[in-house]
Amino acid sequence: MTKKASIRTARLLVILGLILGAIFSGFPILWMTASSFKSNMEIFAFPPRLITESFSFNAYKVVLGDPEKRRFFLNSYLVSGLVTVLTLFVGTLAGYSFSRYKFRFKKALNVIIIGVQAVPPITLLIPYFSLIVMLKLYNTYAALVLTYMVFTLSYAIIMMTGYFNTLPRELDEAVLIDGGSRFMALWRVLVPIALPGMVATGIYTFMLAWNEFLFALTLTKTIDMRTVPVGIQMLMGQHSYEWNEMMAMSVLGCLPVLILYLFFQRYFMAGMTAGSVKG
Amino acid sequence: MMKGTFRAFLALLVLVAASLGSQTFAQSDVTLEFTQWWEPELPDGAFRALMDEFEAQNPGIKVELISGPYSSTKEQVIAGAVAGTMSDVVGLDGAWVSDFVKQGSIANLSDLMAEAAYDDSELASQIQLQGGTYMIPVVNFVYPVFVNLDLLAEAGIDAAPTTRSEFADAAAKLTNPDNNVYGWVLPLSMEQPNGIQNDVMSWLWASGGSMMKDGMPDLTNDGVRQTAEYIKGLWDAGVIAPGSFTMKEQDKVEEFVNGRVGMMISSLAHINLIRERNPDLNFAITALPAADGYTGKRGLPYASWGIGVSANSEHPAEAWKLVAFLMSQETNSKLSSIANAFPGNVNSTPDFVQSDELFGAAFQVFQDGYLANEFTGLPVAEDLMRAFDEQFQPYLDGSQSLDDSLNKAQEAWMENF
Amino acid sequence: MIAEKQMTHRSKKRSLRNIFIGLVPFAYLSPSILLLSVLAILPIAMVFRYSLMNNVIMEKNPVFVGFANYAKLLSDEVFHKAFANTMYFTAMSVIFHLILGLGFALLLNTKLLPQMTRAIFRVIYVLPWVFTATIIAILWRLLLNPNGVINYLILVSGLSSEKIEWLSSKELALHTVTFINIWSGYPFYMVSLLAGLQGIPGEYYEAATIDGANGRQLFRYITLPQLKPIILSLAMLDFIWTMHQFTLIWMTTGGGPLRVTEMLSTLTYKLAFSSYKFSQASASAFIILALSLIVALFYVRQQRATDD
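Residue numbers (the numbering used here), protein chains in the order written: chain L, 123 to 401; chain Z, -10 to 406; chain H, 5 to 312.
Isolated chain L (complex conformation) (with noise of 0.2 Å):
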């Protein structure tokens, strides 16, 4: 077989399974997507159909048509937003500390970071209301962030502190012999060399805070404070649910993190890291 030849059944087998495994992750959101142009009684329909007759985008005229609902997008892409800067900045900070320092308390500290998050959350609720009432930040943005930001900051703290781990001390090095300070070695070449763990985590933790339902209901009251996924749940009524919308709202809901997931993309790329560990 000639290296040409074997490149080619190579192309073809990595298609197939791109193909297989497109199916296998895509069908549902195709499913859902098309449930979304649905009438609510076609979407139980048997046999079951892809498009229907009733094909409209009523769904999401009602979605968006709605200021209630539009308010609830505007809070979840402020209260995500937020979370993903700050919990980078602060992870950042606690990653490079770990993996470049040696010292004390500093094996259990790491055990603590990581227990704190193994407590499951629902448990946690009541207690976590109250001191959230007690801290009077009770329906503020600030009540979500920071809760969001506990959530993923032990995840952005393992993952920062790995991707420190693998970049060579050589490069921090060169800074401190060129006079610069540690801190400057951490801003001006470490985190522009992690950027593609940072995103990474970053898009984890935008997802969480996008995604997050209970204590975005628990502690917030207002409607003008809800995000999109008690809104969604305020789909869910007591003897019905509106599914069409719940899905149109789902699909309009995934759209800024896929953007996000897109834009950022050029990030994962090949060759970017590798070129500058090699610089």
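It is worth saying that the hints were derived from the structure and are not from the lab. All residues carry an ideal CB built from backbone N, CA and C; glycine is no exception. A few of these clues could be false.
Here are the simulated lysine-lysine pairs, DSSO-like style, with alpha carbons at most 27 Å apart [stated by the list, open to error]:
| id | chain 1 | residue 1 | chain 2 | residue 2 |
| --- | --- | --- | --- | --- |
| 1 | Z | Lys63 | L | Lys258 |
| 2 | H | Lys64 | Z | Lys63 |
| 3 | Z | Lys91 | Z | Lys397 |
| 4 | Z | Lys91 | H | Lys64 |
| 5 | H | Lys76 | Z | Lys397 |
| 6 | Z | Lys51 | L | Lys258 |
| 7 | Z | Lys63 | L | Lys343 |
| 8 | H | Lys174 | Z | Lys397 |
| 9 | L | Lys224 | H | Lys232 |
| 10 | Z | Lys221 | H | Lys174 |
| 11 | Z | Lys51 | Z | Lys323 |
| 12 | L | Lys125 | H | Lys115 |
| 13 | Z | Lys162 | H | Lys167 |
| 14 | Z | Lys397 | Z | Lys202 |
| 15 | L | Lys343 | H | Lys64 |
| 16 | Z | Lys51 | L | Lys343 |
| 17 | L | Lys343 | Z | Lys91 |
| 18 | Z | Lys397 | H | Lys85 |
| 19 | L | Lys229 | H | Lys232 |
| 20 | H | Lys167 | Z | Lys221 |
Pair by pair, the computed Cβ-Cβ distance ranges are [claimed, not checked]:
| id | chain 1 | residue 1 | chain 2 | residue 2 | range |
| --- | --- | --- | --- | --- | --- |
| 21 | L | Ser176 | Z | Asp340 | 27 to 33 Å |
| 22 | H | Ala95 | L | Ser176 | 41 to 47 Å |
| 23 | Z | Gln353 | L | Phe179 | 40 to 46 Å |
| 24 | Z | Glu346 | L | Ile145 | 48 to 54 Å |
| 25 | H | Leu20 | L | Val207 | 32 to 38 Å |
| 26 | H | Leu20 | L | Asp346 | 50 to 56 Å |
Got chain L sorted already, so can you dock chains Z and H onto it with the hints?
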């Protein structure tokens, strides 16, 4: 010792937070918070309009509606009661009342009524515990039987069943797995175990039976036994639509809408929903069949939108005014009209009773029978339904005998009394 | 004398400097420590206190009962069942998340396809991850409904002549919810591993290829060891998170049918908000915490081993 340090730490946190500058505004008006799940269930703006009316009648009182999803209202009220942020007025489900009373989070309405010199003769019902009223059902959603007339006609049945054996017979005739049609639908989801109340125990109540005796569980009596055996008979005959063990009320109605089940026990709230989703569906409403030979009055299961007042409300008198407003003949008529429910005021008549044939029929069913929901006011009512469900599923499934199931359920229930 | 004084002065200065330097790592950590101690450790301590009382929240004057709640839970049959289910659910989820996540990351990292094609697949593959658990549960309930599209496709393709009750059958339900969780969680690995793959210097592969290594050897001796730290972190975090997975199970099966999908998380929820046994629920939460900490300790030890 530990408690002291802990409190001191909390106090310190509060001080820090307070010094960071959160201000409270002095207000001359009283603002009542009203937590409920009703607003999202009603047409847009309809409930707010009623509140505006209340504010116009009661200058100096404002109502702030706090709306959440039904499924999470209970958690929110419990957490709010602990943290001291519970709303002045709260929407309640009959299944929660006993637990909130135990927690001490809702006020004794009898006291409020006495203070306001309120005449309670207009109230259709009051949920009483320990000699006091804690919840008043504002509107009620009864659960009659919905029948798909076209399917019935196709199966050659000309009258809706009125007895258990007629029902079993009709269900068998309706069932045709090849066409994907089944006679009955039974939601037994563990997440929302209210199928036990609406679709299982309702059979018992419709025949005048009871699952209680002198305020204690009595699940091993003949009535419960016959009901369970009857449903098991339907199950074994294969006339129940598949997927029962994870089905919820919200799924059940979609099966009916799509013409896949001939009969279901369901909330009146579904009449408009079915019409909206499938305008061509030809259906009618009838009373729940009773045991053969039973001639007494038929108990009718129902779910309520109940109302209560927070035990820690700073404005209990104003809160009561809001409750009284909702219970007044005029407002209650309006609310039951927009909610398609039956009123909690005996003198109120919702307009749909005259204008709508189906609702008229339902009203007839309602007036011929009596409201029966033995779960209302029981401790951990939802947990009781779930405990029963846990034993009922293996019985249907054939992995546990009827005696074992009922005895185990009885045992589980007794732990809570 | 004077020299001596200068000496002590200098050493004092040095020791102050040392203390200062010793504090630097803590300075970097301070925002995290502050946030976590107030908003995580404090409420966790409150939950721990709850778990030692007879019943908080419902009782006005709860009494200290020591570890009675733990003893009661640990001897409860339902708890054992939930524990076994949770372990199956968690272990399967972590294993398949890793296999799928790594597999898809490698496929997407291939240089055999044009960038644009890879970009499109990257978006499709990340899709299951971007939805809230409530919607994922609702969506799969629709798909797996006896009258849903999956059963329809099975009937039409002749794979089975009967509709399969994926979620309501006691034989299948546990596997079904595990499958849904695997589906919705693998992109988390994929995204992180994709980032990790970019970090492996290309020279490693070049050198190995020159030495005559084949694809499988490259994967085994370069890719896997290089990804190991990330894989370990991901697996540990995933293990902890999957043990908590509540919404997905609750909204699909509610722990049923016949308790075959009862997990520690659903049991804890029911104890708290259905039976109002908040103290028992807190004890259950702490048992979950203890299990997670075992994994965490293992992880920290592993990490120290790689550090040295």
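Hints, verified against the model:
Of the supplied pair hints, the one linking Lys63 of chain Z and Lys258 of chain L holds, its CA atoms being roughly 23 Å apart against a limit of 27 Å. Of the pairs offered as hints, the one joining Lys64 of chain H and Lys63 of chain Z holds, with about 19 Å between alpha carbons and a cut-off of 27 Å not exceeded. Between Lys91 of chain Z and Lys397 of chain Z the CA atoms are separated by roughly 25 Å; this keeps the pair inside 27 Å, and the hint holds. Annotation: proposed proximity of Lys91 of chain Z to Lys64 of chain H holds, straight-line Cα distance about 9 Å (limit 27 Å).
Restraint check for Lys76 of chain H and Lys397 of chain Z: the C-alpha separation of about 19 Å stays at or below 27 Å, so the hint holds. With a C-alpha separation of about 23 Å, the suggested pair Lys51 of chain Z and Lys258 of chain L falls inside the 27 Å cut-off, and the hint holds. Taken as a hint, the Lys63 of chain Z and Lys343 of chain L pair is honoured in the structure, with Cα atoms around 14 Å apart against an allowance of 27 Å. At roughly 20 Å between alpha-carbon atoms, Lys174 of chain H and Lys397 of chain Z fall within 27 Å of each other, so this suggested pair holds.
With a C-alpha separation of about 22 Å, the suggested pairing of Lys224 of chain L with Lys232 of chain H holds against the 27 Å cut-off. Of the supplied pair hints, the one linking Lys221 of chain Z and Lys174 of chain H holds, its CA atoms being roughly 18 Å apart against a limit of 27 Å. For a cut-off of 27 Å, the pair hint linking Lys51 of chain Z to Lys323 of chain Z stands: about 20 Å separates their Cα positions. This hinted pair checks out: Lys125 of chain L and Lys115 of chain H have alpha carbons roughly 15 Å apart, not beyond 27 Å.
A hinted pair counts as satisfied when its Cα atoms are at most 27 Å apart, and Lys162 of chain Z with Lys167 of chain H qualifies at roughly 21 Å. Distance hint between Lys397 of chain Z and Lys202 of chain Z is fulfilled; the C-alpha atoms sit about 17 Å from each other, no more than 27 Å. For the suggested pair Lys343 of chain L and Lys64 of chain H, the alpha carbons sit about 26 Å apart, so the restraint of at most 27 Å is met. With a C-alpha separation of about 17 Å, the suggested pairing of Lys51 of chain Z with Lys343 of chain L holds against the 27 Å cut-off.
Between the alpha carbons of Lys343 of chain L and Lys91 of chain Z the distance comes to roughly 25 Å, so the proposed pair stays at or under 27 Å and holds. A C-alpha spacing of about 18 Å is found between Lys397 of chain Z and Lys85 of chain H, which places the hinted pair at or below 27 Å, so the restraint holds. This hinted pair checks out: Lys229 of chain L and Lys232 of chain H have alpha carbons roughly 20 Å apart, not beyond 27 Å. Pair hint Lys167 of chain H plus Lys221 of chain Z holds up; C-alpha atoms about 21 Å apart against a cutoff of 27 Å.
Between Ser176 of chain L and Asp340 of chain Z the C-beta distance comes to about 31 Å, which sits within the given range of 27 to 33 Å. Taking the beta carbon of each, Ala95 of chain H and Ser176 of chain L are about 45 Å apart, inside 41 to 47 Å as hinted. Between Gln353 of chain Z and Phe179 of chain L the beta carbon distance is about 42 Å. The supplied range of 40 to 46 Å therefore holds. Range check, Glu346 of chain Z to Ile145 of chain L: Cβ separation about 49 Å, and the 48 to 54 Å hint holds.
The beta-carbon spacing between Leu20 of chain H and Val207 of chain L, approximately 36 Å, falls within the hinted interval of 32 to 38 Å. Between Leu20 of chain H and Asp346 of chain L the CB atoms are about 52 Å apart, so this pair conforms to the stated range of 50 to 56 Å.
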